[in-house]
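Read top to bottom, the protein sequences are chains X and H.
Quick note: the first sequence uses my numbering, first residue 1, plus one each step.
Quick note: the second sequence uses my numbering, first residue 1, plus one each step.
It cannot be assumed that every hint is accurate.
What the hints assert, rightly or not - One side of the interface only, derived from the structure: several residues of chain X facing chain H at Cβ under 7 Å:
| id | residue |
| --- | --- |
| 1 | L77 |
| 2 | A79 |
| 3 | A92 |
| 4 | N109 |
To be verified - Far from chain H by the CB rule (all over 12 Å, computed), these chain X residues:
| id | residue |
| --- | --- |
| 5 | D35 |
| 6 | P95 |
| 7 | F105 |
| 8 | K111 |
| 9 | E114 |
| 10 | G148 |
| 11 | R157 |
| 12 | A158 |
| 13 | K161 |
| 14 | S235 |
| 15 | K276 |
| 16 | E305 |
| 17 | G349 |
| 18 | K350 |
| 19 | V362 |
Simulated from the structure, these hints should not be mistaken for lab results.
Ideal placement from N, C-alpha and C gives every residue a C-beta, glycine not left out.
Listed below are the residues making up each chain.
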Amino acid sequence: MKIVLKNLTKKFPSRDRKKREEVVAVNDFTFEIPDGSLVGLLGPSGCGKSTTLNLISGLERPTEGRIFFGDDDVTDLPAENRGIGLVFQNYALYPHLTVRQNILFPLENLKGKEKLSREQMAGKAREAACLVQIEELMDRRPGELSGGQQQRVAIARALVKRPKVLLLDEPLSNLDARLRLQTREEIRRIQRETGITTIFVTHDQEEAMSISDLIVVMKEGEVQQIGRPQEVYDSPSNLFVAKFLGTPPVNVFYGRIGDGKLYIGLEAVMEIGEGKDQEVFAAVRPEGFALQEDGPFTCRLKGREVMGRDVSVLCANDASLNPTVRCIVRAEDKVDLGSAEVRFSLIPGKVLLFDRETGQRVDFEVM
Amino acid sequence: MNGKKWNSAGLKGWLYLLPAMVFLGGFMVYPLIDVFVYSFEEGYHSASQTYFGIGLYNYSYILHDPYFLQAVKNTFLLVVITVPLSTGIALVISVGLNSIRAFRDLFQTLYFLPYVTNTLAVGLVFMILFQKTAYTDGFINLIITWFGGESVDFIGGPYWAKMFVLCFYTIWVVMPFKILILTSALASVNQDYYKAARIDGTSKWRIFTRITLPMISPMVYYLIITGFIGAFKAYSDVVALFGTDLNAAGMNTIVGYVYDMLYGNSGGYPSYASAAAIILFMIVLTITCLNLLSSGKHVYH
Numbered sequence: 001m002k003i004v005l006k007n008l009t010k011k012f013p014s015r016d017r018k019k020r021e022e023v024v025a026v027n028d029f030t031f032e033i034p035d036g037s038l039v040g041l042l043g044p045s046g047c048g049k050s051t052t053l054n055l056i057s058g059l060e061r062p063t064e065g066r067i068f069f070g071d072d073d074v075t076d077l078p079a080e081n082r083g084i085g086l087v088f089q090n091y092a093l094y095p096h097l098t099v100r101q102n103i104l105f106p107l108e109n110l111k112g113k114e115k116l117s118r119e120q121m122a123g124k125a126r127e128a129a130c131l132v133q134i135e136e137l138m139d140r141r142p143g144e145l146s147g148g149q150q151q152r153v154a155i156a157r158a159l160v161k162r163p164k165v166l167l168l169d170e171p172l173s174n175l176d177a178r179l180r181l182q183t184r185e186e187i188r189r190i191q192r193e194t195g196i197t198t199i200f201v202t203h204d205q206e207e208a209m210s211i212s213d214l215i216v217v218m219k220e221g222e223v224q225q226i227g228r229p230q231e232v233y234d235s236p237s238n239l240f241v242a243k244f245l246g247t248p249p250v251n252v253f254y255g256r257i258g259d260g261k262l263y264i265g266l267e268a269v270m271e272i273g274e275g276k277d278q279e280v281f282a283a284v285r286p287e288g289f290a291l292q293e294d295g296p297f298t299c300r301l302k303g304r305e306v307m308g309r310d311v312s313v314l315c316a317n318d319a320s321l322n323p324t325v326r327c328i329v330r331a332e333d334k335v336d337l338g339s340a341e342v343r344f345s346l347i348p349g350k351v352l353l354f355d356r357e358t359g360q361r362v363d364f365e366v367m
Numbered sequence: 001m002n003g004k005k006w007n008s009a010g011l012k013g014w015l016y017l018l019p020a021m022v023f024l025g026g027f028m029v030y031p032l033i034d035v036f037v038y039s040f041e042e043g044y045h046s047a048s049q050t051y052f053g054i055g056l057y058n059y060s061y062i063l064h065d066p067y068f069l070q071a072v073k074n075t076f077l078l079v080v081i082t083v084p085l086s087t088g089i090a091l092v093i094s095v096g097l098n099s100i101r102a103f104r105d106l107f108q109t110l111y112f113l114p115y116v117t118n119t120l121a122v123g124l125v126f127m128i129l130f131q132k133t134a135y136t137d138g139f140i141n142l143i144i145t146w147f148g149g150e151s152v153d154f155i156g157g158p159y160w161a162k163m164f165v166l167c168f169y170t171i172w173v174v175m176p177f178k179i180l181i182l183t184s185a186l187a188s189v190n191q192d193y194y195k196a197a198r199i200d201g202t203s204k205w206r207i208f209t210r211i212t213l214p215m216i217s218p219m220v221y222y223l224i225i226t227g228f229i230g231a232f233k234a235y236s237d238v239v240a241l242f243g244t245d246l247n248a249a250g251m252n253t254i255v256g257y258v259y260d261m262l263y264g265n266s267g268g269y270p271s272y273a274s275a276a277a278i279i280l281f282m283i284v285l286t287i288t289c290l291n292l293l294s295s296g297k298h299v300y301h
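Same shape as in the complex, but just chain H (with noise of 0.2 Å):
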């Protein structure tokens, strides 16, 4: 008899989910699925969605590609130096923001700024500061020279000088949604720890170490694996400072490869796309899963 009322409260449940099944099911698996299986379809061609063989020459294909290459190159260079870099900055910042009483609100409003302006008008100011073009050195070249120092082409220039603006811009762009996650976290930590720690002489520093960032460890652990997640997932704002043409700028990333050959000039291989998208797919899926593993040993929930 209990098994059966299980039964009809089991059936219940899944009705509910039902939907949400659906939809995932429809829009997030099947194409999943779908990607998966053209990624070993050799020379597949979706017009008269015909292909030649089942096996892995797509993946050998772009593996040996220069611009894969490159692009998986790029992507790695950014995730290792932003991660980190914009989640440090951003504590920092919180960490500041929290400890100040005036006009606290009004920084808290020019930090969040950058959140609610659009990515290709933020990119375009970008070039205008950076870029060195025949008629202008660009405003950091400007102060560059003033200090005394050499002027350099940073969107047209060499491999480093881009891969700087590129690593600016994105720590740029991702920092206001971390200091709103950081300073909220900050804002409910209880402030009774912080009154029995000024009682027991406890040194400002030791206090940041000891109570404040384990206090708000999982806020700044879902920063970290979120911050890996979207710099693997860079684009857009690789294009809003070097335009479309990311092969020939040498500053491509893995999502861009994918849309080159998707849509690009050298485009129309779903394949390729399919396959350089599972490896990314894959990349991701490993470093998420490293990051949930080493966060059991320092997270405190």
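The shape of chain X in the complex, shown without the other chains (with noise of 0.2 Å):
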């Protein structure tokens, strides 16, 4: 099922009541979410990601805008009858019943027509259970499971009626690190079993990177930038994004483009093509540095880290906006940690210039 958001906009009242404005929690959004993707919708807190699916799910009214669910009109649908299923950030598990209980719980509401024998609900309940991987938990209360194992009730949960979309709201913020890699697997592969549009809600950027087809990226109720992973952060619209995206995050300096070089403090790093002198901010992914002797760039050398498979050189610049600069190198490079400062070149495709005023992309030639 294609998702449609069309100028979609929700404001809160404020919480202050000497204040009269509103808060807007989603501005102007408009987007189209393919059938059968899955989306991740990424941000940092209070940038109106839960609020988008609670707007999807029905659960909220949007203020203005409409909401399609292919061709259909869903904004003015009731949460029950949009075909969905929701699975909640603390799962929503009724405690007192059983897993079997719980996932027979959306069947049995249906009413009328769509009413269902117990063999069908048990069949069904089974099927849903099995897509999770949770048979032999049924009779286990929620208590009594490990926050992986929730997870999954919720999802066969959610899954039970055979929604059309399926919403996750930070699916794995609940779980610890291990956990987290294995259930986002397990999710992308639910999707993939199922072919449910499936969007969910995250801060993380490396969740959403590892398992979307396509992410959003949002700033505070305004969407910044939506593509497929690898694209948004090889080519982020904005300084925003490219903060956001990548760990560790990218480093940004103060630099100038003039004479077509690019500048970073006094030092011209970079051959640029012909383009506009401006002030700019220059972002360097950590894996954009190249150690070389007599590289163009000079920053002094604080320490060393290693990751097991990385090798993370520490310095500092003074054009840098952070006090440390983060520069990924080989295992194998030698640095010398006695001396004073270490000398880079830059990898053209992983340095990416903003607008000093704007923050918007500045494109440049690869010289």
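Build the complex from these two chains, which are given one at a time in their own frames, with help from the hints.
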């Protein structure tokens, strides 16, 4: 089921009674989610991603704009008639019911023509349980399950009615690091097997990048960029997106374009093609530094961090926005920790320039 | 060595418990045992501290005393009628309060008012509302006759009318506390359960019976158990409505009977009072145990 959001806006009344102004949680959203895709809504807390999810689910009504499932306008449809499954951040499993009863709960609500016989219900519940691999836990209560198992039960409950759309609110935030990796693969697998259009909300860029077909980066209620994860990572449309994606985060420097060269501080670090001379932010991905003895870019050496596969060189530069510049280098490259300085050349594809005023991307030719 | 460690830790524990144990022992356990002993001492006289013999005569006497049997009947009726009704009505009001936005605070205050009002003052108001005297039929009778009914003397009239007033009054008095407990229990239920139920298209009634009620069941059971205990110990409410000569009014309760046996016009019999008190204790204990046993099946913790 394709989902289309058109000029979707949600305003909340201000919490502060004295102030009359409204809080705009979601501002003029327009985008289309293709049928059968897995989409990650990504942004820092308070960016409106959960509100967007609630608007799609029908738990919240938009102030303006329309929501379409396929060709049907569902904006005025209550949540229960939209054919969605929602997995809550805390799973919201009924603690007094067993896993089986929890999964059966949505089916038992069906009325009239849709009403199912006991056997049909049991069959569907078993099917959903098989999909998320919890068949052997059916008679336990949620309190007796681990976080990861509860998550699976919650997904099974959301899927048992075969929804057209599956929504997951911060599906991995309550799990520990190891389970997170495993569960996100699991979500991907379940989505692939069922082919249900799935939208999930997360503040963790790694999570979103790893499993999504499409990510939507949001900030303060506005969409910053929509695209395939790699696309968005490689060519972020503005400085916020560049900073938000990637671990370790991108290194940002005050820079200047002059005479077809990029200057960071006083050093001309890269040749770039003809372009308007202007002040910019130069963002360099940690993997965009190559150690080179006579390289154009000089930093003060602060130390070295070995993280298994990667070796990070930590250094400082007066033009950097952050006190520490982190450069990931090949493990076999030797760094003389005794020296005060380290010199790099920059790898062109890993350098991004942004307008100093607007934060928008500045394109340049790689020479 | 471990044993020694445990011992010193255990000793410390007992030491911490000592102050509470001294008070509980002195003012609860000892009197309880003492009352138990009195109840078997026949013809005990508190001034001279003498008695004739030991046996079951006290129990035999009160169990054959029509006033006591009347008191037991009254008390059981009161319990059976008021506990389910007051809990049920409180539940309905609490769910109502929980689902409205406007004026919630106002209603909560209104419903809580009886709790902070003095029992006797409220009893007086009830008497004025219900009593029929030579000069006036009273407010309630005014309404009854206005609807074409026959006026009834609720305070000095037939038994059912007096019982009705007593139950009405008791329910009215215990309601605020129950509403307070239930509204806070309802407010503490995670809203996500309701959202999840909404998305699944759960009907209101099913949400109430399958989600809300199980979630607040510990509190409901708490109210039922304390309600039983409270109603079995009813006394001041009855006095507030029918005065102190309860045997004459035929509206005595077990606690009232105990009081009468001690200090009433026919009083001065601590042994009979003790026997009645022990019987009441046994009844309350049995009912509470039954309650706790049945709670295991129905209450989700």
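Outcome of the hint check:
no.	hint	in the structure
1	L77	violated (12 Å)
2	A79	holds (5 Å)
3	A92	holds (4 Å)
4	N109	holds (5 Å)
5	D35	holds (21 Å)
6	P95	violated (7 Å)
7	F105	violated (6 Å)
8	K111	violated (8 Å)
9	E114	violated (10 Å)
10	G148	holds (19 Å)
11	R157	violated (8 Å)
12	A158	violated (8 Å)
13	K161	violated (8 Å)
14	S235	holds (37 Å)
15	K276	holds (52 Å)
16	E305	holds (41 Å)
17	G349	holds (45 Å)
18	K350	holds (43 Å)
19	V362	holds (44 Å)
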